[in-house]
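Trainee: Line by line, the protein sequences give chains B, L, A and P.
So for the first sequence, the working numbering puts the first residue at 378; every next one is plus one.
So for the second sequence, the working numbering puts the first residue at 378; every next one is plus one.
So for the third sequence, the working numbering puts the first residue at 378; every next one is plus one.
So for the fourth sequence, the working numbering puts the first residue at 378; every next one is plus one.
Honestly, I wouldn't trust all of these hints.
For chains that are exact copies, the list does not tell them apart, and a pair is met inside one copy or across any two.
Unchecked claim - Calculated cross-link-like contacts (lysine to any residue; reagent style SDA-like; alpha-carbon spacing at most 20 Å):
no., residue 1, residue 2
1, Lys-569, Thr-484
2, Lys-596, Lys-673
3, Lys-569, Val-652
4, Lys-655, Glu-540
5, Lys-398, His-507
6, Lys-398, Ser-708
7, Lys-569, Gly-689
8, Lys-398, Ala-672
9, Lys-596, Arg-650
10, Lys-485, Ala-496
11, Lys-485, Gly-500
12, Lys-655, Ala-682
13, Lys-485, Gly-459
14, Lys-569, Asp-394
15, Lys-398, Thr-503
16, Lys-419, Ala-381
17, Lys-673, Pro-694
18, Lys-716, Ala-683
19, Lys-398, Asp-542
20, Lys-485, Arg-504
21, Lys-596, Glu-501
22, Lys-716, Tyr-403
23, Lys-485, Glu-499
24, Lys-485, Pro-670
25, Lys-596, Val-506
26, Lys-596, Val-652
By construction, these hints were calculated from the structure, which means they are not laboratory data.
Listed below, chain by chain, are the residues.
Number of protein chains: 4
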Amino acid sequence: MHFASDNSGPVPQQVLDALTKANQGYAMAYGSDAEMEAVTAKIREIFEAPEAAVYLVATGTAANVLALSTLTQPWQTVFCAGPAHINMDECNAPEFFMGGAKLTLATKADKMTPQDLRAAIEGEETRGVHGPQRGPVSLTQVTEFGTVYSLEELRALCAVAQEYDLPVHMDGARFTNALVSLGCTPADMTWKAGINALSFGGTKNGCMGVEAVIFFDPKHAQEFEYRRKRGAQLFSKHRYLSAQMLAYLTDDLWLENANRANAKTAILAEGLRAVGAKFSHPPQANMIFAALPRAKHQALFEAGAAYHLWDGVLEGPAEELITARFVCDWSIPEEEIQKFLSLL
Amino acid sequence: MHFASDNSGPVPQQVLDALTKANQGYAMAYGSDAEMEAVTAKIREIFEAPEAAVYLVATGTAANVLALSTLTQPWQTVFCAGPAHINMDECNAPEFFMGGAKLTLATKADKMTPQDLRAAIEGEETRGVHGPQRGPVSLTQVTEFGTVYSLEELRALCAVAQEYDLPVHMDGARFTNALVSLGCTPADMTWKAGINALSFGGTKNGCMGVEAVIFFDPKHAQEFEYRRKRGAQLFSKHRYLSAQMLAYLTDDLWLENANRANAKTAILAEGLRAVGAKFSHPPQANMIFAALPRAKHQALFEAGAAYHLWDGVLEGPAEELITARFVCDWSIPEEEIQKFLSLL
Amino acid sequence: MHFASDNSGPVPQQVLDALTKANQGYAMAYGSDAEMEAVTAKIREIFEAPEAAVYLVATGTAANVLALSTLTQPWQTVFCAGPAHINMDECNAPEFFMGGAKLTLATKADKMTPQDLRAAIEGEETRGVHGPQRGPVSLTQVTEFGTVYSLEELRALCAVAQEYDLPVHMDGARFTNALVSLGCTPADMTWKAGINALSFGGTKNGCMGVEAVIFFDPKHAQEFEYRRKRGAQLFSKHRYLSAQMLAYLTDDLWLENANRANAKTAILAEGLRAVGAKFSHPPQANMIFAALPRAKHQALFEAGAAYHLWDGVLEGPAEELITARFVCDWSIPEEEIQKFLSLL
Amino acid sequence: MHFASDNSGPVPQQVLDALTKANQGYAMAYGSDAEMEAVTAKIREIFEAPEAAVYLVATGTAANVLALSTLTQPWQTVFCAGPAHINMDECNAPEFFMGGAKLTLATKADKMTPQDLRAAIEGEETRGVHGPQRGPVSLTQVTEFGTVYSLEELRALCAVAQEYDLPVHMDGARFTNALVSLGCTPADMTWKAGINALSFGGTKNGCMGVEAVIFFDPKHAQEFEYRRKRGAQLFSKHRYLSAQMLAYLTDDLWLENANRANAKTAILAEGLRAVGAKFSHPPQANMIFAALPRAKHQALFEAGAAYHLWDGVLEGPAEELITARFVCDWSIPEEEIQKFLSLL
């Protein structure tokens, strides 16, 4: 009954097998391995983007900050939502890698609206050279509250960015969970909507530690390569990153994993709803926020369920509603869900 | 009728005379000049702080960012109000000099309340090593909206900071205007209230370009010296900074100038109030924000008044109220005020 | 016949098996996994350092720059040899992570002598606050030219550093190759000699991508944790780093691999010497630099040997001597060596 | 008898007068003052560069590091001589402002030769993305040893830089001393020779604290403006910088001052030569390095002469030759020189 995070689960056998398979003799170092060639080809095909520049790094933070620093001047500000990972969970790595560029929080909510974004952009560059200058927009898909921007929402936000000639980055740590939730193509959810650079997550959806950075315009490629090396993210035995990503993208494993995680979460959500849990955000992918009475949480924890309380602590009045975060990863067995639901 | 800013006026004759007087033969470079010794002694006396470390730099931004970077680790966040100069008007210099530390905006208002500050502090370090760590608090006195923190307010804010063991910085670009407004001692408004480091402004109140950075605990001294040099703010012909600051502090020139600026502003405020202008913030020092009908602004500008519209533009319905910012510097002649009031 | 680098070979089966074994169910993220606990215990035991702080990162550059940035102030300079990896092969990552600290090159040779180091240290801080201040010493063991500092040499260098109260870092990307070459204990080669922080390499000697950073004084621990997260090197599925390192340290696999690589290199060196190759540096570990006539290189390359020419190109007079670098990794089969030698 | 530095003397009356004159009423802030317009026009005229972008900052370090950071990517290296101010005397400010870019020291001598420069450039970018990438060349004119690059030397160095498509920066803290030494035009010594950006010194030659940064290609203008503000070097009461620079450039004051300083130095050099002093570098501008017996130095110091010993200390054998640095600023009275010579 592990719902604490999708970053603590195992990887599928295919990923292990791919490592074993890649472990033959010598291979070119630093990204010149044959597996990487295949990864690039596969990603270009999946994204219908034959020119895209594709790179691998090992952590989600690395993907975000290296992508953003390639798009941002140090005197600019990045427009994002307050709950964004780059704001809340990266210990100032974005500001560090961007040379002191800052973040402008367009909203406290999970999603920016076009109005939020426009207001935030209009709020900057009002003082000539004195204030931060307008920089990229960064969207998180799936958002940090488990919701998913619709294609219409993405297009509308990108349209605002384009009006001001600002590039758009997507933090796709849970990209595939959003993709299968929307049922659209990767191209639809990215460059066709106006996204310029993508952090394409692998780790949360079945890899050990690998994320792709994809620039739909290859002009960013050379600079990114310098930034990756200088950012200590260029791997000598790169084939082991490539092999993971290749296995992930082969035979629809990535889609299957995300479908599985989302489906389990839907069952969980239904069960929670059935016992009267209140959702602060609509369940749309593999992460949900549901309020239950404190006593219920206590009982669940005692029975061995693992998840995070989001807005309260375990001590207090039994009947008070406390919101908790539940995340399903690709690997959670159905019986664990059922066991949890039976406890509910 | 120049009310645009207190950073565009002249300097008193005493400052010019001091430069002439300092301009004799050779002097030790880089802050070892005799005038600097006198400045340090004078500031220690004025602040009743015989151990204070005192440094001069040439811009307000330099004072703020060098002081803050001495107090802040790159993985921390500085708590300040949204309108703070360090957030709005320094083009990411704080983030740059602090190595990527960030700012947490505790309020959108001119002043933080202790509740705001506590909530902001509590909002950080909720995620272990993942989020920014808690760093210094930075207060602006006079605030960016012309208001002045009372001693009680300062003490209450510093008390919150001390609870969390966080140092407190004061951006005192208009320190003296606040001081004479409160009628307290410099010690009262700083270390006795709990302030650890001060940007003590000279430029806006009668100098050409000199600000002091004061650490009430001298342990910061050595690090600051490296940071100042590395920050390109160590002057070889330092005596010309010292001479300005010494003249400024001699014979109460600093107090006199601030008194003059505040008094003129009070007259201006009274005149504005008399014609029904609405103040968004109570006039307390030398900067006020007053709303007048657009047609009135148009007439005033045509008659030669200089000031900034704050929340609107010159085109639009004649009767609409538009808030403007009016600042009096130490030098504005009384007749200019009267001329303006008569136009009102 | 692959002698190009020890960063392009495979990993032993034990490492793959460890990944499989670690791939069970859920595990605590971000270094709180059980395997990491075992890694820390094992490293403390191996190094006879029960207080040491131990961290894992994924690249050698990351280990070096995070360790050094923890020891260095931005206004300091790090003393190292010119050929050091931190100077030649990290694309300014050290300067970036250290906030602009610089490197002072104490020698152009592979090894610093105590005289070199003393002269370099004495050459800095001659101008008060104006020049860079003295910072840590960084030694590379095995050096970039395949030589190994003796314990006496290490102790003498550390003694110089201690005289000036400067900490010492060791870049041990090939730590184990040096260790088995010297036949001493890990403690002898590090803290007993005066080393304060170590980049303990795993990748070049049989891991996929994992290096340990070891601080023999745990006071650096907290700061390092912030720096690692901010440096984008904190892994959520950290167990896969831990598992590699644990397998590496279990049953002397690390020692066995290094012994194997060094032994193969010794055979290679003997063969090269037998045909009259000249060594620019004495073969001591698993990397050698030997000069052969150009025609010989051409013949070897044609026969399928892979290695790097170090001081010349393939085109030119047939008899000219060209130095090449040969590296043996742990995995190279003895028959490949024999095949190569027979070609010689 | 003050020969310690040209950064510790007074300023000419014209500079003081200009401050007084500029001190009238209100002026546009942040470089929009009328005096700055005149400065720009004057510099464009003097340099025969009608498109040049011209900015003022307050310290030589600021001029250098802001100019260089505009020309350099953080993963590049700047080619300079070892004794360069940017290497020896700026406490890592260049590395800080350039985001961690480094310096490659092409020579230990005062001047780089084209061979030095070519070898240094060829020594970088030999390892693809792994090492620092080639960045700008920075020349110091007058060099740190008082010598002056001839036009032929400048052209030859710039030609090498151009071959590699690298921009060239000149640190002209003593620009005018070099100019009058060569007897050429400012255009000859800069853009006609191939210089792209210039730190044009005012402080050492008669200003209180003002330096111009000149880009001969205005494409750098916008970026520089952001960098200046973010670097805490944008002055609100900018007119006092402009006024100094304008006075300096008016009626050939800058040339007159430099001529004066150089002429005094020539007299001093002749006197030193007459008593058998040995020069480590040929006297060419206003700074000379001459060796005298220790006893002579002792006698001179006792008689009140002020200058720096360069390669030794005051204690030791009386007859040993110790090199000292003598600098004449524009203001030194002829009688002081004569007095010193008579002591010799």
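Trainee: Hint by hint, note whether the structure agrees.
Mentor: Do the hints match the structure? See the list:
Taking CA atoms no more than 20 Å apart as the test, Lys-569 paired with Thr-484 passes in neither setting, with 25 Å inside one copy and 38 Å between copies. In the homo-oligomer, the alpha carbons of Lys-596 and Lys-673 never lie at most 20 Å apart, since the shortest distance is 54 Å inside one protomer and 42 Å across protomers. In this assembly of identical chains, the alpha carbons of Lys-569 and Val-652 never lie at most 20 Å apart, being 41 Å within a copy and 57 Å across copies at closest. For the homomeric pair Lys-655 and Glu-540, neither the shortest alpha-carbon distance inside one copy (38 Å) nor that between copies (36 Å) is at most 20 Å.
For the identical chains of this complex, Lys-398 and His-507 are neighbours neither inside a copy (56 Å) nor across copies (28 Å), given an alpha-carbon limit of 20 Å. With identical chains, the CA atoms of Lys-398 and Ser-708 are at most 20 Å apart between copies only, with a shortest distance of 16 Å across copies and 22 Å within one. When the C-alpha separation of Lys-569 and Gly-689 is checked against a cutoff of 20 Å, the pair qualifies neither within a copy, at 41 Å, nor between copies, at 37 Å. Taking CA atoms no more than 20 Å apart as the test, Lys-398 paired with Ala-672 passes in neither setting, with 50 Å inside one copy and 37 Å between copies.
Taking CA atoms no more than 20 Å apart as the test, Lys-596 paired with Arg-650 passes in neither setting, with 48 Å inside one copy and 49 Å between copies. Taking CA atoms no more than 20 Å apart as the test, Lys-485 paired with Ala-496 passes in both settings, with 13 Å inside one copy and 15 Å between copies. In this homomeric assembly, Lys-485 and Gly-500 come within 20 Å of each other (Cα to Cα) both inside a single copy, at 16 Å, and across copies, at 13 Å. In this homomeric assembly, Lys-655 and Ala-682 come within 20 Å of each other (Cα to Cα) only inside a single copy, at 19 Å, whereas the closest approach across copies is 59 Å.
Taking the shortest alpha-carbon separations for Lys-485 and Gly-459, both the intra-copy value of 5 Å and the inter-copy value of 15 Å come in at or below 20 Å. Proximity of Lys-569 and Asp-394 under a CA criterion of 20 Å is satisfied in neither setting, with 34 Å inside one chain copy and 43 Å between copies. Taking identical chains as interchangeable, the C-alpha atoms of Lys-398 and Thr-503 are never at most 20 Å apart, the minima being 56 Å within one chain and 33 Å between chains. Proximity of Lys-419 to Ala-381 under the C-alpha cut-off of 20 Å is found in neither arrangement, the shortest distances being 32 Å within a copy and 29 Å between copies.
For the identical chains of this complex, Lys-673 and Pro-694 are intra-copy neighbours only, at 11 Å inside a copy versus 59 Å across copies, given an alpha-carbon limit of 20 Å. In this assembly of identical chains, the alpha carbons of Lys-716 and Ala-683 lie at most 20 Å apart only when taken from the same copy (13 Å versus 58 Å across copies). In this assembly of identical chains, Lys-398 and Asp-542 lie within 20 Å of each other by CA distance neither inside one copy nor across copies; the values are 45 Å within and 45 Å between. For a Cα distance limit of 20 Å, the shortest separation of Lys-485 from Arg-504 across copies, 18 Å, qualifies, whereas the shortest one inside one copy, 24 Å, does not.
Taking identical chains as interchangeable, the C-alpha atoms of Lys-596 and Glu-501 are never at most 20 Å apart, the minima being 27 Å within one chain and 24 Å between chains. With identical chains, the CA atoms of Lys-716 and Tyr-403 are at most 20 Å apart between copies only, with a shortest distance of 17 Å across copies and 47 Å within one. For the identical chains of this complex, Lys-485 and Glu-499 are neighbours both inside a copy (17 Å) and across copies (16 Å), given an alpha-carbon limit of 20 Å. In this assembly of identical chains, the alpha carbons of Lys-485 and Pro-670 never lie at most 20 Å apart, being 25 Å within a copy and 34 Å across copies at closest.
Taking the shortest alpha-carbon separations for Lys-596 and Val-506, only the inter-copy value of 17 Å comes in at or below 20 Å, while the best intra-copy value is 27 Å. For a Cα distance limit of 20 Å, the shortest separation of Lys-596 from Val-652 qualifies neither inside one copy, at 53 Å, nor across copies, at 50 Å.
Violated hints for the displayed structure, listed by number in ascending order: 1, 2, 3, 4, 5, 7, 8, 9, 14, 15, 16, 19, 21, 24 and 26.
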